[in-house]
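J.: Please model the entire structure based on the sequences and the hints provided.
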Amino acid sequence: MSGDVIISIRGLKNQFGAQVVHENLDLDVYRGEVLGVVGGSGTGKSVLLRTIVGLNHARQGTIEVFGKVLDDIPVRERRAIEKRWGVLFQDGALFSSLTVTQNVQAPLREHLDLPQRLMDEIAGLKIALAGLPASAGPKFPSELSGGMRKRAALARALALDPEILFLDEPTAGLDPIGAAAFDELISRLKQTLGLTVFLVTHDLDTLHATCDRIAVLAERKVLAIGTISQLMTHRHPWIQEYFHGPRARAAEAAWGEAPQGSKEP
Amino acid sequence: MTKTSGHDGDEPLPDVALTQGAGAPVLAFSGTFTIYHAREADRVLNELALPRAKDAVIDLSAVTRLDTTGAYLAHRTELKLAAQGARVTYRCPDEDWLSLIRAIASHDAKPTEPHHHPNAFVRMLERLGTSVIGIYDGARDALGFTGQIFEALGRAIISPRRLRFTSLVHHMEQAGIDAIPIVFMMSFLVGSVTAYQGAEQLARFGAEVFTVNLVAVSFLREVGILLTAIMVAGRSGSAFTAQIGSMKMREEIDAMRVLGLDPIEVLVLPRVLALVIMLPFLGFIADLAGMLGGGIVAMLELGMSPAAYLDQFRASLGEWTFWIGIIKAPVFAFLIGLIGCYEGMRVSGSAESVGRRTTQSVVEGIFVVIIADAFFSVMFAELGI
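Those protein sequences? They're chains B and G, same order as listed. Per numbering that gives the first Met the number 0, the first sequence starts with residue 0, numbered consecutively. Per numbering that gives the first Met the number 0, the second sequence starts with residue 0, numbered consecutively.
Worth flagging that the hints you see were computed from the coordinates, not collected in a lab. Be aware that a few hints might be false.
Where chain G lies over chain B, by a calculated footprint (3+ residues, C-beta under 8 Å) [unchecked claim]:
{"id": "1", "stretch": "102-115"}
{"id": "2", "stretch": "124-138"}
The following label-pair restraints were derived from C-beta to C-beta distances [unchecked claim]:
{"id": "3", "chain 1": "G", "residue 1": "LEU260", "chain 2": "B", "residue 2": "GLN89", "range": "24 to 34 Å"}
{"id": "4", "chain 1": "B", "residue 1": "GLN89", "chain 2": "G", "residue 2": "ARG161", "range": "38 to 48 Å"}
{"id": "5", "chain 1": "B", "residue 1": "SER144", "chain 2": "G", "residue 2": "GLY133", "range": "25 to 35 Å"}
{"id": "6", "chain 1": "B", "residue 1": "ASP174", "chain 2": "G", "residue 2": "ILE326", "range": "54 to 64 Å"}
{"id": "7", "chain 1": "G", "residue 1": "ARG249", "chain 2": "B", "residue 2": "ILE72", "range": "35 to 45 Å"}
Sample of chain G residues with no beta-carbon within 12 Å of chain B, all distances over it, derived [to be verified]:
{"id": "8", "residue": "THR18"}
{"id": "9", "residue": "ALA27"}
{"id": "10", "residue": "ALA82"}
{"id": "11", "residue": "GLY143"}
{"id": "12", "residue": "GLN147"}
{"id": "13", "residue": "LEU167"}
{"id": "14", "residue": "ALA241"}
{"id": "15", "residue": "VAL361"}
All C-beta atoms, glycine included, are put in the ideal place defined by N, C-alpha and C.
T.: This is the structure:
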């Protein structure tokens, strides 16, 4: 992996009312890696994601994406950067009044001027890449199952061929088979498209299956960061509990000794 | 916002050149094959006359950038060549690009169905037919819904414990008490306007004194209760639809059913009953306000004393005038409550449908109230009261 830093966070502070979520948080994400972000409930995993993509304003600190400090650049430049990342929200956040195809085409329609036939072809491609059957295209989000909605949302997030993909608990609420297929999908997309993935998750299997590095959020900052095997030997009690609890043992047994950046079971 | 063609404006444009190589024709791709240049790339490829040959080469060596869309376009070209019987080989310096093209080939993506638009006349007929069937279905379902409400009412009468008393009182306050100021204001103003216009016209016959009759009869029989019903349909009917609709959307109604709670009994009955109880009361207030408005105009414009106004008022009333107005109120209330709750229950999935149903509820509520009022008029005329 190259040492090319694609997202760099320094001294981040987030606060809601009296509750400080992050303080002095530093984090680097390298180009081409899948970074898993874990932490107990309420440690601000989703807040961190929302702060990077600009849905939440930080009290202090700087966030640099593609070498640009997001708060300092003019709006037009910011829009250009926003086109280079895709976000998958927890419940998909598909536009409920549009079909899956129209959802995928929404960013194309807004940012590009393409003939309808080509847009239909591109939407078909993204829908297939996200692992949905072509028959899902004309359906509305309310007609899809939870897993299919996530895939449709992924297709929309991939619409503009982003360089960074932000995923917020992509496997939450999926059955184990669906979740495993999603893990595999993310690994494959990362390899074929060269994506950088910022992955917030609770799912230990996902961590084993897809992540190159894992960042543990606790005590308002990134407590530890490294490969699974590095974190397993970390002495912090929460990390010990997390990677050596009963569920972790089951996942570990399934994935063997989890060499760093492993892809194949 | 301007539609930009990429993040870097100086990226080389995509192009494809056809050359006859050593035996096999070569399609030399060059430039940027990304989604930001997809329009150009698509046009170039569509304008290119593909060669018929046994072998063909797609050469990507001069391509500067390739993303999924570019890879798809290369793959599409490969498929077209293959359809003409050519065996296609790639010449590509970048292993990753080849694996991307192979990954896309393995997906067998089909373009999504193009939207088909029948002509305007057919579409108009289709919409007409759909809405006629919709009206029939809606009327049938609404009748079923009415039955369910009466069933729940019957159960509540047999065992009054089933009536959600707290909820009933809450809705009586929201739909009834809270509506008093607006109903009062509106009727007061309409009452004084009627008196003012009436006085002007009647003065031509020297019959100004009958202004009082005009205001009294029109308000007590028709206008007071009709205005109130329209206001309540807009105010409470829409609220019922939005409340029940958003609960339906978040599966709260389903949750009630599986917990053994009857949503008709818990949500609909208290709302409908609250309206049925409060609307006659609001109608009465509207009558009072209208008479007050009329009275003030009579005093200021016609110089009538309050005592004379009241005498004339009493003389203008028939035995039934007041009751004809008030009798209609519970019927209007039931119709408004029924439509409000029914439309709420029809909300499905999307946020958009809550909005559509709410609008529908207000429009239908007002429409049905006016139709019912016309029926009452005919009925009372036939009865001769």
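J.: Confirm or reject the coverage of the stretch 124-138 of chain B by chain G under the rule of 3 or more residues with a beta carbon closer than 8 Å to the chain's beta carbons.
T.: holds (count 8)
J.: Do LEU260 (chain G) and GLN89 (chain B) keep their Cβ atoms within the hinted range of 24 to 34 Å?
T.: Taking Cβ atoms as reference, LEU260 (chain G) and GLN89 (chain B) lie about 29 Å apart, which means the hint holds.
J.: Hey, does ALA241 (chain G) actually stay past 12 Å from chain B on C-beta?
T.: holds (16 Å)
J.: For GLY143 (chain G), is the shortest beta carbon distance to chain B beyond 12 Å?
T.: holds (24 Å)
J.: Take a look at whether the Cβ-Cβ distance between ASP174 (chain B) and ILE326 (chain G) falls inside 54 to 64 Å.
T.: Between ASP174 (chain B) and ILE326 (chain G), where Cβ atoms are some 60 Å apart, the hint holds.
J.: If I take the minimum Cβ distance from VAL361 (chain G) to any residue of chain B, is it greater than 12 Å?
T.: Label holds. Min Cβ-Cβ 21 Å, cutoff 12 Å.
J.: Are ARG249 (chain G) and ILE72 (chain B) spaced within 35 to 45 Å by their CB atoms?
T.: holds (39 Å)
J.: A cut-off of 12 Å on Cβ-Cβ distance, and GLN147 (chain G) was said to be off the interface with chain B. Does that hold?
T.: About 25 Å separates GLN147 (chain G) from the closest Cβ of chain B, which puts it past 12 Å; holds.
J.: Cβ-Cβ distance between SER144 (chain B) and GLY133 (chain G): within 25 to 35 Å?
T.: Hint holds: Cβ distance 28 Å, inside 25 to 35 Å.
J.: Please verify that the nearest CB of chain B lies beyond 12 Å from ALA27 (chain G)'s CB.
T.: holds (22 Å)
J.: Just want to verify: LEU167 (chain G) was marked as not at the interface with chain B; is every Cβ pair farther apart than 12 Å?
T.: At about 33 Å from chain B, LEU167 (chain G) clears the 12 Å cut-off, so the statement holds.
J.: Confirm or reject: THR18 (chain G) is not an interface residue toward chain B, with every Cβ-Cβ distance exceeding 12 Å.
T.: With a cut-off of 12 Å, THR18 (chain G) remains clear of chain B, as the shortest Cβ separation is near 26 Å.
In summary, this structure violates none of the numbered hints.
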